Each structure stands twice: as structure tokens, then as C-alpha cells.
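As you go down the protein sequences, you meet chains A and B in turn. Residue numbers for the first sequence follow this note's numbering, beginning at 183 and rising by one. Residue numbers for the second sequence follow this note's numbering, beginning at 183 and rising by one.
Please keep in mind that the hints were generated in silico from the structure rather than gathered at the bench. Among these hints, one or two may not hold up.
Note that the list lumps identical chains together, so a pair holds whenever it fits in one copy or between two copies.
Stated by the list, open to error - Using 27 Å as the maximum straight-line C-alpha spacing, the simulated DSSO-like pairs for lysine-lysine come out as follows:
hint: 1; residue 1: K311; residue 2: K419
hint: 2; residue 1: K419; residue 2: K463
hint: 3; residue 1: K407; residue 2: K280
hint: 4; residue 1: K471; residue 2: K376
hint: 5; residue 1: K463; residue 2: K376
hint: 6; residue 1: K311; residue 2: K258
hint: 7; residue 1: K376; residue 2: K311
hint: 8; residue 1: K280; residue 2: K194
hint: 9; residue 1: K240; residue 2: K409
hint: 10; residue 1: K258; residue 2: K474
hint: 11; residue 1: K407; residue 2: K232
hint: 12; residue 1: K280; residue 2: K380
hint: 13; residue 1: K474; residue 2: K232
hint: 14; residue 1: K471; residue 2: K258
hint: 15; residue 1: K376; residue 2: K281
hint: 16; residue 1: K232; residue 2: K471
hint: 17; residue 1: K232; residue 2: K380
Because the structure is a prediction, the values reported are computed rather than measured.
There are 2 protein chains.
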Amino acid sequence: MVYIGLDLGGTKISGALFSESCTILLQETLLLEGREGKAVAGLIFTLCDKLIELGSIKADDEKSIGICVPGIAYSKTGNVWAPNIPGWENFPLREELKKRFPHSLVSIESDRTCSILGETNQGVSRGYKNVVFVAVGTGIGAGILIDGRILHGASDIFGAIGWMALQPPYSNDYDQCGCFETYASGTGIALQAKNLLKTFPQYKGQLSQFPFDQLTAHDVFDALKSKDPVATQVINKAIEMWGMASANLVSLFNPEMVVFGGGIFGPAAVLVDRIYMEAQKWAQPIAIKQCKFAASELPNLAGLYGAGAISILNSQNNLTDH
Amino acid sequence: MVYIGLDLGGTKISGALFSESCTILLQETLLLEGREGKAVAGLIFTLCDKLIELGSIKADDEKSIGICVPGIAYSKTGNVWAPNIPGWENFPLREELKKRFPHSLVSIESDRTCSILGETNQGVSRGYKNVVFVAVGTGIGAGILIDGRILHGASDIFGAIGWMALQPPYSNDYDQCGCFETYASGTGIALQAKNLLKTFPQYKGQLSQFPFDQLTAHDVFDALKSKDPVATQVINKAIEMWGMASANLVSLFNPEMVVFGGGIFGPAAVLVDRIYMEAQKWAQPIAIKQCKFAASELPNLAGLYGAGAISILNSQNNLTDH
Numbered sequence: 183m184v185y186i187g188l189d190l191g192g193t194k195i196s197g198a199l200f201s202e203s204c205t206i207l208l209q210e211t212l213l214l215e216g217r218e219g220k221a222v223a224g225l226i227f228t229l230c231d232k233l234i235e236l237g238s239i240k241a242d243d244e245k246s247i248g249i250c251v252p253g254i255a256y257s258k259t260g261n262v263w264a265p266n267i268p269g270w271e272n273f274p275l276r277e278e279l280k281k282r283f284p285h286s287l288v289s290i291e292s293d294r295t296c297s298i299l300g301e302t303n304q305g306v307s308r309g310y311k312n313v314v315f316v317a318v319g320t321g322i323g324a325g326i327l328i329d330g331r332i333l334h335g336a337s338d339i340f341g342a343i344g345w346m347a348l349q350p351p352y353s354n355d356y357d358q359c360g361c362f363e364t365y366a367s368g369t370g371i372a373l374q375a376k377n378l379l380k381t382f383p384q385y386k387g388q389l390s391q392f393p394f395d396q397l398t399a400h401d402v403f404d405a406l407k408s409k410d411p412v413a414t415q416v417i418n419k420a421i422e423m424w425g426m427a428s429a430n431l432v433s434l435f436n437p438e439m440v441v442f443g444g445g446i447f448g449p450a451a452v453l454v455d456r457i458y459m460e461a462q463k464w465a466q467p468i469a470i471k472q473c474k475f476a477a478s479e480l481p482n483l484a485g486l487y488g489a490g491a492i493s494i495l496n497s498q499n500n501l502t503d504h
Numbered sequence: 183m184v185y186i187g188l189d190l191g192g193t194k195i196s197g198a199l200f201s202e203s204c205t206i207l208l209q210e211t212l213l214l215e216g217r218e219g220k221a222v223a224g225l226i227f228t229l230c231d232k233l234i235e236l237g238s239i240k241a242d243d244e245k246s247i248g249i250c251v252p253g254i255a256y257s258k259t260g261n262v263w264a265p266n267i268p269g270w271e272n273f274p275l276r277e278e279l280k281k282r283f284p285h286s287l288v289s290i291e292s293d294r295t296c297s298i299l300g301e302t303n304q305g306v307s308r309g310y311k312n313v314v315f316v317a318v319g320t321g322i323g324a325g326i327l328i329d330g331r332i333l334h335g336a337s338d339i340f341g342a343i344g345w346m347a348l349q350p351p352y353s354n355d356y357d358q359c360g361c362f363e364t365y366a367s368g369t370g371i372a373l374q375a376k377n378l379l380k381t382f383p384q385y386k387g388q389l390s391q392f393p394f395d396q397l398t399a400h401d402v403f404d405a406l407k408s409k410d411p412v413a414t415q416v417i418n419k420a421i422e423m424w425g426m427a428s429a430n431l432v433s434l435f436n437p438e439m440v441v442f443g444g445g446i447f448g449p450a451a452v453l454v455d456r457i458y459m460e461a462q463k464w465a466q467p468i469a470i471k472q473c474k475f476a477a478s479e480l481p482n483l484a485g486l487y488g489a490g491a492i493s494i495l496n497s498q499n500n501l502t503d504h
């Protein structure tokens with residue numbers, strides 16, 4: 183069996199041939215360069231062909247292809263919703279791949295699911311069977327591995343923790359993205375900083391140097407280094423929310439580890455100990471003692487390793503894609 | 183295969199023989215009458231013997247025994263922690279049953295897990311594969327069925343949602359039982375009513391008729407019927423908390439149904455629509471549209487049906503207890 187893992191991002195697609203123990207044998211990357219709809223599938227075919235050629239793989243060798251997608255992978259249909267790729271509102275990715283590579287197994291999972299598989303195969307949570315991956319970027323989502331299995335739910339909208347209810351009463355601020363994201367996603371951190379600046383006209387600190395509308399979470403983290411009061415207040419609130427949310431994941435799932443990743447961890451990776459201290463107050467006391475918190479060890483490769491891991495896992499489980 | 187389901191409570195044990203389609207063929211109940219430790223296991227043997235005799239089952243017929251226990255069933259050891267049964271801090275129930283019935287399969291699950299299996303086999307969530315059971319009694323816990331499987335976690339402390347963090351900042355009131363329980367368990371509802379009465383000396387309503395220390399959640403529900411202001415305020419807060427907590431379960435698990443059970447639902451069953459309305463504000467919008475909320479249809483039998491269901495399920499999956 184030949185194992186191919188592909189990680190589709192908003193601007194590029196990385197691919198690799200994997201050994202049965204999930205190490206990378208060879209790796210290639212192609213740029214999307216504005217491609218949309220079917221042309222993105224075409225680029226996936228090109229990358230597969232290139233890997234097959236470089237790996238001197240025969241046309242009739244059995245292949246298991248795992249793909250990490252930036253959005254939702256619908257497990258029943260094999261279709262994909264990827265908000266950053268035009269024309270991928272409900273793209274029939276599995277069908278397209280099965281047409282092009284008819285004798286192959288095709289497995290498609292969301293980026294947060296692949297991240298947890300990547301970390302559990304080659305990263306910080308290696309060897310654990312119960313792990314939650316908290317992905318904090320523009321939004322917040324979770325990948326969840328319990329009893330060694332990936333969870334999907336009724337319609338693959340699983341782990342939508344950005345909507346976690348943490349701060350009553352309900353506010354209309356939560357309408358767009360949910361309560362947790364409003365305080366603690368990249369977008370939320372920038373929003374809270376802007377809201378605070380509006381009520382703080384005498385402020386002349388670092389964050390007033392940016393054009394107000396362009397203020398980002400990364401500017402807030404930069405300002406935090408010099409103990410800027412606005413940045414400190416916003417990040418303290420985010421730590422409370424990350425702590426409460428991960429406490430809830432610990433009480434619910436009784437995992438061995440919570441892994442924090444995504445663009446914000448990154449700069450927030452140094453805060454993981456403070457998040458654990460906050461979570462320790464709230465969580466089921468035995469479950470939190472049994473659980474470690476850690477930042478991702480594979481910030482750029484977790485998705486690709488996860489894609490490799492599902493290609494191996496599904497082939498071993500003898501799962502077909504029908 | 184002979185299927186035996188047993189539901190161990192704090193005061194009695196119910197048992198039944200089940201058909202392969204999980205209907206009850208015959209049923210018996212014995213009272214614990216203060217038994218402790220090994221004597222409770224002895225009563226379980228007596229009940230099994232009685233069912234075997236009544237069912238005219240031969241000694242060498244293969245048996246699959248499922249047991250619902252009021253506490254935590256440790257899946258690796260087969261031991262049980264049951265706080266209301268003296269001597270069952272870590273009782274080796276599976277080992278004892280295997281000694282007494284050596285040729286049988288033995289499956290032990292917590293009451294919240296059995297409740298969800300019971301409801302999904304014979305109750306309100308019949309046929310669904312993704313269901314969360316919210317058990318609200320003295321405390322609060324959840325049984326979780328996802329992708330048709332029961333979840334356990336690293337050490338079977340799964341679904342400890344009584345500890346859900348919902349109301350920051352952290353208060354020492356939450357130390358003992360967690361934030362969600364402090365507002366919305368049976369104990370929590372009584373506590374909130376007492377706290378409110380302390381700040382409300384001019385109150386002369388229905389709740390002032392009870393000896394203060396003996397006030398229970400059921401008294402609060404009784405007072406709610408006559409629109410008592412203290413009861414109304416306490417239950418409104420509990421509805422907000424039940425709504426937020428179940429919204430979090432919906433966003434996380436993307437279930438087809440959330441089932442409310444335990445002693446409080448019961449009197450709170452009429453509030454399920456209001457809980458759904460609160461949850462609708464907070465939850466991931468697509469996931470909440472796909473999810474129904476309902477009260478248990480088997481308030482007294484869910485555990486027993488669930489015990490029957492695991493005896494059948496584990497026998498069909500050809501799972502052994504080793």
C-alpha cells in the first residue's frame with residue numbers, strides 16, 4: 183500500500199509520501215495562485231502525480247490518499263465546505279479523486295481533526311488515545327480524539343467550540359461567531375482591544391500607533407510584551423475564557439492532553455501554563471490532575487502528518503470510502 | 183445467548199431478562215435493605231439466580247450480563263465506585279461476577295451511560311446515533327453516545343458536566359461541586375433559593391413555610407407553580423444555565439437529540455422548551471437547528487433498559503470482558 187497525505191490550505195497545498203509508521207518519505211508543495219473550484223482539484227491531481235512519479239510508484243499499486251481540508255469534510259458524501267476556496271461551498275472532492283484514482287482509498291478530514299491526528303502521531307501528544315486539539319486562529323474549533331477514535335457527530339459540525347457559552351447574560355455581540363470567539367479568537371482579541379480603546383481616550387500607548395481599523399491580535403500580543411495596559415486586560419480576559427473552555431473540555435472528555443494550536447499559539451504558546459492554572463479552578467478535580475496542557479509541536483506540519491495518519495489508519499481499519 | 187440486565191440503585195436492584203431486540207421478558211426487584219460491600223454483590227447473585235430460574239435457563243447456557251451502577255464503572259479493571267453504597271469505593275464487581283458466573287460476558291456501565299442507551303433503545307431518542315443525556319438529580323452528569331458509540335475517556339470520568347464553567351469570575355461557591363451544579367442541580371437549586379431568601383427578609387411567601395435548612399429543589403418547583411418570586415428567580419437562572427450547558431453540548435457534539443432526565447426532570451420536564459429557547463441563542467446555529475430537546479420517556483426504566491442494551495451490544499460486538 184502507498185500512503186499519500188495532502189494538506190490543502192488557503193494559499194498552497196503540501197503533499198507527502200508516508201511510510202507505514204507515518205514518517206515523511208518525500209514532500210512537495212504547490213501554490214494555489216488564485217485557483218478556484220475544479221482547478222483546485224486539478225492542482226491536487228498534479229501534486230499526487232508528482233509524488234507518484236518522484237516515488238517511482240507504479241500505476242496499479244494500491245494507494246490510500248488522506249486529505250486535510252480547511253473547513254468541513256462531510257463524511258457521508260465526501261463533499262467539502264472550504265470557506266476560503268471559491269467554489270468549494272459543497273465541493274465533491276472524494277468523487278473527483280475517485281474518478282481520477284479509481285483504485286485508491288480516499289479519506290478526507292477537517293484541518294482540526296488532522297491536526298489532532300498529526301500531533302498524536304508525530305507531535306506533542308504522541309501515543310495518547312484521548313486528546314483535544316484547540317485550534318485558535320481567526321476562529322476557534324476543536325479536533326477530538328476519544329478512546330483512540332476521531333469524533334464526527336450527526337453532520338460533521340463537531341467541535342464547534344467557538345460557540346461555547348461562557349459569559350452570561352447573552353449579548354448580541356455573540357451573534358456572528360459565538361461567545362468564546364468573541365473574547366478569545368484572533369478576531370475576538372482585536373475586537374476586544376478596539377472596544378477597550380474606545381472607552382479609554384486618554385490612552386497613548388503602543389496600540390494607538392496602529393490605524394484603528396487595522397489593529398490585529400498580533401499587535402495586541404506585541405504590546406503585551408511591554409505590559410501595555412489595554413493588551414494586558416484583553417489577554418487576561420482571553421486567558422480566563424481559554425481556561426474555562428479547556429476546563430469544560432477536560433470535565434467532558436477526561437483527556438490525557440489538551441493541545442493548543444493555530445495562528446494565535448504562536449504568540450500565546452507562552453501562556454499555556456497560565457491557561458492551565460485558570461482551568462484548574464473550574465474543571466473536574468481528578469480529570470484536570472490527569473491532564474496536561476501543551477502547545478502544538480508541529481505548527482506547520484500537523485495537518486500534513488494528520489493527512490498521512492488517516493491514509494494509514496483507514497487502510498489498516500480496512501475502511502472503504504463508500 | 184441469554185441477556186440479563188441489572189439496574190443497581192441506592193435502595194434496590196432491578197433485574198430483567200431481555201430479548202435480542204431489547205424488550206423485557208420478565209422482571210424482578212430486590213431491596214438492598216442496608217446491605218454493604220460484598221453483601222450487595224451477594225444480592226446481585228440472588229437476583230441473577232432468580233431470573234435464571236424464572237426463565238427456565240440452563241446452567242450451561244451462555245449468558246451476557248449488563249449492569250447499570252450508580253457511580254463510575256472503571257472500564258479497564260471492572261471495578262466500581264458507588265458513593266451511596268458503603269464499601270463500594272473501588273469494588274471489584276466484574277471479578278466477583280466472573281467468579282460466580284464463569285461462562286458469562288459481564289458489562290458494567292455508569293447510570294448516565296445506561297440511561298442514554300436505554301432511551302436510545304426503547305425511549306425518546308430511539309434510533310438516533312448521536313445523543314447526549316443530561317442527568318440532573320442531586321448532581322449533574324452526562325451520558326454521551328456519538329457515532330453510535332459510548333464514550334469513556336482516559337479514566338472513565340467522562341461527561342462530568344456538573345463542573346462546566348458557565349459564570350465567571352470563579353467563585354469559591356464552585357469549589358465543592360463545580361459551577362453548573364452550583365446553580366442548576368437539585369442541591370444547587372435549593373442552595374440558590376436559600377441564598378436569595380437570606381437577602382430578602384421581607385419575603386413571606388410559600389418558601390418561608392419550610393424549615394430553612396430542609397428546603398429542597400422540589401419545594402422550589404412547587405412554589406414556582408404559584409409564581410413565587412424567589413422560586414421564579416432561582417429557576418430562571420437554572421434555565422439560563424441548563425440552556426448554556428446544553429448549547430455547549432450541541433456545539434461540541436452535534437447531536438440529533440439532547441435528553442433531560444434524573445429526579446429534577448421530573449418537575450422541570452415542562453421547562454424543556456424554554457431551555458431550548460435559551461440554548462438556541464448560544465449554540466452553533468446549524469447544529470442547534472438539527473437537534474431536538476426532550477425529557478426522558480423512561481424515568482424509572484432507562485437504566486434497566488440500558489443494562490439490557492449493553493448486554494446485547496457487547497455480545498453482538500463479540501467483545502469480551504478481558
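Open item on the list: One pair to classify: K280 and K194, alpha carbons no more than 27 Å apart. Within, between, both, or neither?
Closed with: Within one copy, since 22 Å is at most 27 Å while 57 Å is not.
- [ ] Tell me, please, which holds for K407 and K280 at an alpha-carbon limit of 27 Å: within, between, both or neither?
- [x] Intra 50 Å, inter 61 Å, cutoff 27 Å: neither.
TODO: Could you figure out if K232 and K380 sit no more than 27 Å apart (CA to CA) within one copy, between two copies, both or neither?
DONE: neither (53 Å within a copy, 75 Å between copies)
Open item on the list: At most 27 Å between alpha carbons: which applies to K311 and K419, within, between, both or neither?
Closed with: The answer is neither: 31 Å in one copy and 37 Å across copies each exceed 27 Å.
Open item on the list: Please sort K463 with K376 into within, between, both or neither, judging by C-alpha distance up to 27 Å.
Closed with: between (29 Å within a copy, 25 Å between copies)
Task: Copy assignment of K232 with K471, given that the CA separation must stay at most 27 Å - done: neither (47 Å within a copy, 43 Å between copies)
Task: Status of K474 relative to K258 across identical chains (alpha carbons, at most 27 Å) - done: between (34 Å within a copy, 21 Å between copies)
TODO: Can you give me the call for K280 and K380, within, between, both or neither, at a CA distance of at most 27 Å?
DONE: neither (54 Å within a copy, 69 Å between copies)
Open item on the list: Within, between, both or neither: how does the pair K311, K258 come out at a Cα-Cα threshold of 27 Å?
Closed with: both (24 Å within a copy, 14 Å between copies)
Open item on the list: Please sort K471 with K376 into within, between, both or neither, judging by C-alpha distance up to 27 Å.
Closed with: neither (37 Å within a copy, 33 Å between copies)
Task: Identical-chain pair category, K240 with K409, by Cα at 27 Å - done: neither (59 Å within a copy, 77 Å between copies)
- [ ] Could you place K407 and K232 in one of the four classes (within, between, both, neither) given a Cα distance threshold of 27 Å?
- [x] This pair counts as neither: shortest intra-copy Cα distance 45 Å, inter-copy 72 Å.
Checked against the numbered hints above, the structure breaks hints 1, 3, 4, 7, 9, 11, 12, 13, 15, 16 and 17 and satisfies the rest.
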